[in-house]
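K.L.:
Protein chains in written order, with my numbering: chain A, 1 to 261; chain B, 1001 to 1331.
Keep in mind the hints are simulated off the structure, nothing from the lab. Predicted model, so just to flag it, every value in this text is computed and none were measured. Each residue gets a CB set at the ideal place from its N, CA and C atoms; glycine is no exception. Do not take every clue at face value.
Partner residues are not named here, just some residues of chain B that face chain A (Cβ under 8 Å, in silico) [to be verified]: (1) E1180; (2) V1181; (3) V1183; (4) V1196; (5) G1239; (6) Y1299.
With a Cα cut of at most 30 Å, we get these calculated DSBU-like pairs of lysine-lysine [what the hints assert, rightly or not]: (7) A/K145 <-> A/K170; (8) A/K241 <-> B/K1331; (9) A/K17 <-> B/K1075; (10) B/K1075 <-> A/K145; (11) B/K1289 <-> A/K234; (12) A/K214 <-> B/K1289; (13) A/K2 <-> A/K190; (14) B/K1204 <-> B/K1178; (15) A/K71 <-> A/K2; (16) A/K241 <-> B/K1003; (17) A/K170 <-> A/K214.
Covered by chain B, according to a simulated footprint, are these stretches of chain A (three or more residues, beta-carbon under 8 Å) [as the list claims (entries may be wrong)]: (18) 34-44; (19) 78-88; (20) 242-250.
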Amino acid sequence: MKILVFVKQVPDTTDVKLDPKTGNLNREGVVSMMNPLDANGIEAALQLKEKYGATVDVVSMGPPQAMDVLKKALAMGCDEAFLLSDRVFGGADTLATGYTLAKAAEKIGDYDLLIFGRHASDGETAQTGPVTAAFLGVPQISLAKSLDVQDGWAVCTRDTEDATETVRAKLPALVTVCAEINTPRYASGKGIIQAMKKPRTTWNHEDLGADPAKCGIPGSPSETKRLFEPKHEKVDTVIFKGEPEEIAKQFVDMLEAQHLL
Amino acid sequence: MTKNEANGIWVFAEQRNGVLDKTPLELIAKALELKETIGEEVTAVLMGQDVAGLADSLIAYGADKVIVAEHANLKVYSARPYQKVAVELVNKYKPSIFIFPATAQGRDLAPRVMCTLGTGLTADAVDLGFDDEGAFVQTTPAFGGSLLAHIAIPELRPQMVTVRAHVFDAREPDFSRKGEVIVETVEVDADPDYEVLSVEPIVKNGVAIHEAEVLVAGGRGIKNEEDLAQLRELASLIGGELACSRPLVDDGWLDHSLQIGQSGTTVKPKFILNIGISGSVQYMVGMQKAQTIATINTYDRAELFDITQYGVVADYAKIVPAIIDEIKARK
Ligand SMILES: Cc1cc2nc3c(=O)[nH]c(=O)nc-3n(C[C@H](O)[C@H](O)[C@H](O)COP(=O)(O)OP(=O)(O)OC[C@H]3O[C@@H](n4cnc5c(N)ncnc54)[C@H](O)[C@@H]3O)c2cc1C
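Whenever a hint applies, use it, and build me the whole structure from the sequences.
P.N.:
This is the structure:
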């Protein structure tokens, strides 16, 4: 079985600020990391490898530094890494990203299973997996909470708004995984050393045979017009003061005025 | 599809087991607001088997038209058959905007439809509107929710977007409203490579937090699990439900279904009391539309006070029992 796992390098921060002068993202001091849910994707692939035997290739689109997350993936136990790096790929929305990733999957070839994290922590679109599946024409299982392969089918459980479904998709298929699926392993010291000998390839758009008009900004129908910090109107706050009993009296007066008692 | 040929605002009217999801009704209300600016009709798109009866509801909630596509192979949702039919309908009618609920189904389907149509799709919008230049923009959280982005799809049509549940209010239904129901005959094969093996309903206890009119929410400031019993008691005394910020879910104290916020549920109660919650962007995006907001926090500059009408700056462990005693004394 051949499994491809797709990973993304994301900023390791939940508190991105805008430069007040330029209105651009302030990337200073922001370090990068592997998108957390992609580590769940790698773990799911490695568990299948341990159970049934498989090769696990890991693919990322990004700037040259994104090789760092691929090295981490190799250290966790993946077999081979592919970085899709080209100025042409920059500024891609999910359509252009899915196109580029699908091109890479086709070039690697012979895949049985493609695994994505449910979403990336920076964009949070949860679209890149399904878009890639659509480009490749393969079935998909999104939001998987469990994953097994039985008789040539990927079998998963997934939650909808009101039910837990067990579904299966015939390989080759694409699965996007939720955090509940597993706890990703850490790379061991041995894993890190072994990773140094594992093959790593970088491809540009020509290597992929990708049409530059479908990549990056030209291939992206959507555009971010503006980034801004959420603002809420400050309201006047009545602060209840005093001993706990006095505060409680005022508070319960307020509850009564709100007709809550 | 280019700008000039496209017209109409579409809402994907998700149904599961023949029951309409509520989010499309909220989306129809928003679509009617968009219509006020651009004057384009609002059409609900209903797919399934034996679902035509739902069209009346969609019209009652404000849809001008309903397109019904029924087929045995659409009875149970599956990505590729739904994708094929949705794409055919778009190519036939050429809407300029296509709005999907950001549900498990909407998030699964919309990207595939977008891919075949080769247009743009904005994910998980919390608002829709028009900017100063008149462009249709979708507002979405970015970078973990610390920022918001305005996304536009300037050239291609339809402009596709998934929108979160509970961010807009559905209109009051008017069953005397008239609208047009268009029944489409569709041909679609079942997907031989995808099967739903079993469906286990998720049993929900109590009132879901997005339906509760009164909430008492606890956060990381709650020192131990036992104190949650106090919050629960207070909630029931004021006719409300317990909810929480994310750390209490991460700690395994409470179920994810009780989490308010960007990666949880959006709530709009009449009254919410926040206890030991600082007011992160991701939390506030999920509750800032509450009518009345009260907050108990030891730190007087907690962000949440910015949007709080009634505040207490003190240790909840002293205040909550005193409030409970006071309520009981008055009852
Ligand atoms: C992508 C992403 C999505 C997220 N989604 C969500 C989400 O959906 N919902 C969510 O809640 N968070 C979400 N978060 C996390 C969010 O950023 C915050 O970390 C979280 O909301 C903080 O929760 P809190 O306010 O309970 O805790 P804290 O920020 O730690 O605040 C605790 C508060 O308790 C007060 N306190 C301490 N002791 C007492 C006491 N004895 N009495 C009274 N007050 C006391 C403190 O002063 C403090 O203000 C998300 C983060 C990311 C990156």
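K.L.:
Hint by hint, say whether it matches the structure.
P.N.:
Results of checking the hints against the structure:
no.: 1; hint: E1180; in the structure: violated (29 Å)
no.: 2; hint: V1181; in the structure: violated (26 Å)
no.: 3; hint: V1183; in the structure: violated (27 Å)
no.: 4; hint: V1196; in the structure: holds (5 Å)
no.: 5; hint: G1239; in the structure: holds (7 Å)
no.: 6; hint: Y1299; in the structure: violated (13 Å)
no.: 7; hint: A/K145 <-> A/K170; in the structure: holds (18 Å)
no.: 8; hint: A/K241 <-> B/K1331; in the structure: holds (23 Å)
no.: 9; hint: A/K17 <-> B/K1075; in the structure: violated (46 Å)
no.: 10; hint: B/K1075 <-> A/K145; in the structure: holds (24 Å)
no.: 11; hint: B/K1289 <-> A/K234; in the structure: holds (13 Å)
no.: 12; hint: A/K214 <-> B/K1289; in the structure: violated (40 Å)
no.: 13; hint: A/K2 <-> A/K190; in the structure: holds (24 Å)
no.: 14; hint: B/K1204 <-> B/K1178; in the structure: violated (36 Å)
no.: 15; hint: A/K71 <-> A/K2; in the structure: holds (19 Å)
no.: 16; hint: A/K241 <-> B/K1003; in the structure: violated (59 Å)
no.: 17; hint: A/K170 <-> A/K214; in the structure: holds (29 Å)
no.: 18; hint: 34-44; in the structure: violated (count 0)
no.: 19; hint: 78-88; in the structure: violated (count 0)
no.: 20; hint: 242-250; in the structure: holds (count 5)
The structure fails to meet hints 1, 2, 3, 6, 9, 12, 14, 16, 18, 19 from the earlier list, while all remaining hints are met.
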